[in-house]
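> What follows is the residue order along each chain.
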Amino acid sequence: MGLFILRRLGVMLLTAICLTFIVFFLTNLYPNLEKLAKTQGNFRMSDEAVASWLGDRGYTDNTFLKYGRWLGVAPGWVTENEDGTVTGQCFAPDTPEGERPTFCGVLQGDWGYSLVFKDEVGGLVVKRLVDTGKLMGLVLLVMVPMALIVGVLAGMREGSGLDRSLSTFSIATTATPEYVSGVVLIALLASSKFGISPVLAEAGWIEGKTLFSGSATKASEDITFANFTLPVVTIALYGMGYIARMTRASMTEVMTAQYIRTARLKGVSFRNIVLKHALRNALIAPFTVIMLQIPWLLNGVVIVETLFNYKGFGWLLVQAAGNNDIELLLAVSVVSVVVVLVTQLISDIGYVFLNPRIRIS
Amino acid sequence: MEALTWTGPLGQFLDPITYALAAIFLLAVVAQIVLGVASSGERVVTNPDGTLSSAGGAYGVSTLATKWSGLALVVVLLGYVVIGVIGGPGTAGIVGGMSQQLTPVWIALIATFAVSIMYKRKLGLYGKLFDSTVGMIGFALVMFWVFGGIMAGLFDWIATHDTLSQVSGMKNKGPGTPLRGAEEGEYAWYLLGGDNLARDVFTRLFKGAWVVVQIAPLATLFAFMVGITLGLPAGYYGGRLDTFLSFLANLILAFPVILLFYLLVTPEIVATGIPNYMATVLFIFPLVFVAVLLNSRYYTQPSFRTPLLVVVLGVLGWIYLSLISDAGTKVAVLPEFLDLFDIAPGILVVFVSVVFVNAPTVFRIVRGLALDIKTRDYVAAAQTRGEGPWYIMLWEILPNARGPLIVDFCLRIGYTTILLGTLGFFGLGLESESPDWGTTINTGRQLIRAYVHPLLPPAISLMTLVLGLNLLADGLREESLKD
Numbered sequence: 001m002g003l004f005i006l007r008r009l010g011v012m013l014l015t016a017i018c019l020t021f022i023v024f025f026l027t028n029l030y031p032n033l034e035k036l037a038k039t040q041g042n043f044r045m046s047d048e049a050v051a052s053w054l055g056d057r058g059y060t061d062n063t064f065l066k067y068g069r070w071l072g073v074a075p076g077w078v079t080e081n082e083d084g085t086v087t088g089q090c091f092a093p094d095t096p097e098g099e100r101p102t103f104c105g106v107l108q109g110d111w112g113y114s115l116v117f118k119d120e121v122g123g124l125v126v127k128r129l130v131d132t133g134k135l136m137g138l139v140l141l142v143m144v145p146m147a148l149i150v151g152v153l154a155g156m157r158e159g160s161g162l163d164r165s166l167s168t169f170s171i172a173t174t175a176t177p178e179y180v181s182g183v184v185l186i187a188l189l190a191s192s193k194f195g196i197s198p199v200l201a202e203a204g205w206i207e208g209k210t211l212f213s214g215s216a217t218k219a220s221e222d223i224t225f226a227n228f229t230l231p232v233v234t235i236a237l238y239g240m241g242y243i244a245r246m247t248r249a250s251m252t253e254v255m256t257a258q259y260i261r262t263a264r265l266k267g268v269s270f271r272n273i274v275l276k277h278a279l280r281n282a283l284i285a286p287f288t289v290i291m292l293q294i295p296w297l298l299n300g301v302v303i304v305e306t307l308f309n310y311k312g313f314g315w316l317l318v319q320a321a322g323n324n325d326i327e328l329l330l331a332v333s334v335v336s337v338v339v340v341l342v343t344q345l346i347s348d349i350g351y352v353f354l355n356p357r358i359r360i361s
Numbered sequence: 001m002e003a004l005t006w007t008g009p010l011g012q013f014l015d016p017i018t019y020a021l022a023a024i025f026l027l028a029v030v031a032q033i034v035l036g037v038a039s040s041g042e043r044v045v046t047n048p049d050g051t052l053s054s055a056g057g058a059y060g061v062s063t064l065a066t067k068w069s070g071l072a073l074v075v076v077l078l079g080y081v082v083i084g085v086i087g088g089p090g091t092a093g094i095v096g097g098m099s100q101q102l103t104p105v106w107i108a109l110i111a112t113f114a115v116s117i118m119y120k121r122k123l124g125l126y127g128k129l130f131d132s133t134v135g136m137i138g139f140a141l142v143m144f145w146v147f148g149g150i151m152a153g154l155f156d157w158i159a160t161h162d163t164l165s166q167v168s169g170m171k172n173k174g175p176g177t178p179l180r181g182a183e184e185g186e187y188a189w190y191l192l193g194g195d196n197l198a199r200d201v202f203t204r205l206f207k208g209a210w211v212v213v214q215i216a217p218l219a220t221l222f223a224f225m226v227g228i229t230l231g232l233p234a235g236y237y238g239g240r241l242d243t244f245l246s247f248l249a250n251l252i253l254a255f256p257v258i259l260l261f262y263l264l265v266t267p268e269i270v271a272t273g274i275p276n277y278m279a280t281v282l283f284i285f286p287l288v289f290v291a292v293l294l295n296s297r298y299y300t301q302p303s304f305r306t307p308l309l310v311v312v313l314g315v316l317g318w319i320y321l322s323l324i325s326d327a328g329t330k331v332a333v334l335p336e337f338l339d340l341f342d343i344a345p346g347i348l349v350v351f352v353s354v355v356f357v358n359a360p361t362v363f364r365i366v367r368g369l370a371l372d373i374k375t376r377d378y379v380a381a382a383q384t385r386g387e388g389p390w391y392i393m394l395w396e397i398l399p400n401a402r403g404p405l406i407v408d409f410c411l412r413i414g415y416t417t418i419l420l421g422t423l424g425f426f427g428l429g430l431e432s433e434s435p436d437w438g439t440t441i442n443t444g445r446q447l448i449r450a451y452v453h454p455l456l457p458p459a460i461s462l463m464t465l466v467l468g469l470n471l472l473a474d475g476l477r478e479e480s481l482k483d
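Protein chains in written order, with our numbering: chain A, 1 to 361; chain B, 1 to 483.
Any given hint might turn out to be false.
[What the hints assert, rightly or not] Covered, in the sense of this in silico footprint (three residues per stretch, anywhere, with C-beta under 8 Å from a C-beta of chain B), are these stretches of chain A: (1) 28-38; (2) 150-160; (3) 229-235; (4) 297-309; (5) 336-348.
Because the hints were derived from the structure by calculation, they are not lab data.
Glycine residues also receive a C-beta, built at the ideal position from the N, C-alpha and C atoms.
Just chain B, same shape as in the assembly:
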């Protein structure tokens, strides 16, 4: 069997069009930037009847050219994907093979967008996101990796091969190399080539996305729980408590992140159980948060509050105990048969250190917001009504701080992804055969001058995911400011 080219037979007539369009688009963008700096921008002319109209000119032409050539480029690129889904690798080469493997992701993306755009007026801030182009692009990029990660990790759909199985003769082979003696039912190519241990790069890419999609949002959520639970009282009460907590936060922030990772993640430290103790402390914050949240709201109706708290805290407490307790580590409080799930020790350590690094920044943001909002009239009104301090913090201040917090949450997931990659890059935490992007970049960089194909896909994926989260945050910020 022959090796696949990037775009296959389809490319023979579609590639020249793509190149031409890309060249026009780039020229138009450069022209727009140059003209935007040099000329005085869009000139607006007042018509005799009092209306305004744009005078156009060279700058206007370049803007139009950017818009239309960009649109045409997007249409052609979509063409590759659509034809690829139908024709597969035979018609559209590697691109076709990949888009065919990704069919479930495309379907999920289209469904999400269709439903969201249809009901966008009823969906609050999330629906407003679909009014902003930047936000939609960001959301699409993020959801692509979320769906890709979930489908590859949970359902095993996208993967063409196994993440760990090595095929002889595929070591460091370039993209599109056919499998030698592929059996019936086996995917016949390594779409993005093989890495230095002859494993499929394409499969590892999406399995790696699963690792990132699992850890990054959860770790950010925990960091937010810690930051909110400590930041609200620090901002609301002020005084000694604030001084002390701020000092602690600054202390952690003054640490170089990589030094902290090295200190926490090395096997010797893991053996002392310090990460497990830290997990015990850090993971209790969500429990405290939920307990205080519910209690402050319903403490006037004990007959409702008590059963609610018992049930919620019971479930959360069980999850918490199974999370922190692992047989064989220092913290093994729960007997084996009650332990719901075990987290791989490497992942727990990575999780803890990422939460630990992120929490102080969240704390500072929440504290700043609380300081600002506590001077508002509705807080004074609640105080006059005689509401307790925790009710004011969690049910008056927090909901009114949600805008900046949601935006920061998106940004912070991106930052957490970068941190996870950093850990992988230094070979800390996760095992060396883990398919996550940072570790793959770390193993690939040893052969970087000879083979770039195992290295570029995870690098570019990480970039697109973080870019997507940044754009999403930007879109959300813009839309939330419009209120």
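Isolated chain A (complex conformation):
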């Protein structure tokens, strides 16, 4: 088991390095750098000015060298300007000569500087991650129990009317991407002219103009029922259907197992069969699915945070990618890659622990 985890960690590290290198390569292509120079310097720079701006900041060096600098295994760039001052990647111009560090990269704990937000990348990412963590936590809290209940209820009597209604419901939710359900939910519940809000406001049942808020910007400081329900429900709905279907499949399989038939023949009541005999075994497969669903939620988070203007990690990703903010983008992709790989690892390990029939030798 230890060796298995160790090997997986090795593969994870390799994957993370490959992926960040791809991101690094794509963001450091010359047209991107040119755009960067023009937005940071000024828009009417000549080609030579762009080249010297980039050269002074180490952007024109070999991609591998630049990547090494970002990682912290190659010395940072140092440029001596014409007027004798020395600027460098790892120190401010007024740092005394003896105290200038040579390396400054991820390994040294320095994630770089965001050119769009004018802030340290590390702090920025952590702050946004906390905000997204709140969203994800609530989503999981809503989604997982709902999905499991729907799946178990549908799967306990395969082919019944209940099964058909709930299966149709879960198929419908998997067919509705976040940008569709979000839009429909806003139209129905958070529009002052359409849906049920005008009716409720007329009747005096709600205080404001709308039942829910269509924007979650304020939720970063203060989460309320009105401003956070729609984002949470939007993500939870899309993720729910798939887990529910997997739970249903697993439940129907368990319900046809021999030991369930034995229990039936012994005269155990249907309720006890479902709750005591079937449920535990039926929940092994959904556990893996839930873990693997988390990276998918990340996608939903990006869409929902854009749609509801909630300034979390997904929003940060869109800002970083839209503005080619290289160092921020790299940090963002490291985080998302780690999320993907760690959830995969947990799902593998958890599966082994939950299912005694599987042993990894």
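Could you slot chain B onto chain A? The hints should help.
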């Protein structure tokens, strides 16, 4: 001229019936769910003569009520459509106007269903689809949008106006607004209203369906070609090749899709030509696939194989070269006069990124299937006969993996549709005036709190199409398991 109401004069007596039926249906469904959880379900009673019969009870009643009220609801809703086709907007309002515009789609749908049901025993898996209600509903939804897209896009039948022309005074106007000073021969209403640039929402909806219907199945097909061509050897040979390819697939799968889209689709990256190079690599897989497929089968008869390969590869190669080569981009290998068609650069980039994102998942599915099937006896028999590895992969393993692959193909078209919408939602790839659904949702969401009518039609359309594909896949899976 007055604005149209949703159902017009017809609605005055048909609407109350519809509402009542819908209420009964909903109540029955809720009752069925509650009773299904609370009671012990259908009780079966053994009769003295040994036969079984259902005892009915409250649950049985709710099931019957759901069935019949649902059927009645469907009949009434069909009534709107039929009367609408005959009477048009004057009799049945907006619904009538829309169903009249959609007449060719209805005819095509009825014809397809009639022919398919008549010959369903001779049509293999496709025919079996018509044994399952879920599958038929899904198929109807999918074909509705396929026919709608083709007829609006190719023949210009359904459209009432132009997708880009703006009519003064129609900005953000609600559904059924009459056109001010409509000329002779011009359609007199904006059936689903006007968007924020005063364009007809209804027309754009079906022109948008054409964009989706064109890209999604083709992109999925390409993703399958890539996935199959790489997945079969990975599963069959295993070893180093498998490790390497699986690592690559996992690498792409670990990327957040939206980040990948942003990295590939921005104008700066397009300027470097990377999407064109990727197209060059990805689009060669169908050629490789077909070449290996034919060669492995006919290599024992060179006199037949060689001309066949020359002709097939010649045609495919020409299409391939015209597909990837575009004057003005980095890949312009073919001279202008030989170039069969030009793809709008935006569409090519979107196409490439969607194929790129989908291929690794297909690869994993095919690899898993190949790993499973290669242990079967008929594979061992083929190996003993001395068949080559590619013959075994493509003519023994692949046909026996077709069931799960066809099901996944349907699901994946739906997923590709969602991805296309995502691209549109972030304003990536397609131009901002493109009528496709994702882009329309993106432009509409800026005014979402004031005007929802330009936004809801594409949202609901996307949902119904993907739902249809999911139901279709479910029906196919059920029927293919019955064998």
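> Give a verdict on every hint.
Evaluation of the provided hints:
1. Coverage of the stretch 28-38 of chain A by chain B holds [criterion: at least 3 residues with CB-CB distance below 8 Å; count 6].
2. Taking a C-beta to C-beta cut-off of 8 Å, the stretch 150-160 of chain A contributes 3 residues in contact with chain B, enough for the three needed, and the coverage statement holds.
3. Chain B is given as covering the stretch 229-235 of chain A, and this is violated because 0 residues of the stretch bring a CB closer than 8 Å to a CB of that chain, at least three being needed.
4. Coverage of the stretch 297-309 of chain A by chain B holds [criterion: at least 3 residues with CB-CB distance below 8 Å; count 6].
5. With a cut-off of 8 Å between beta carbons, the stretch 336-348 of chain A has 4 residues touching chain B; three or more are needed, and the interface restraint holds.
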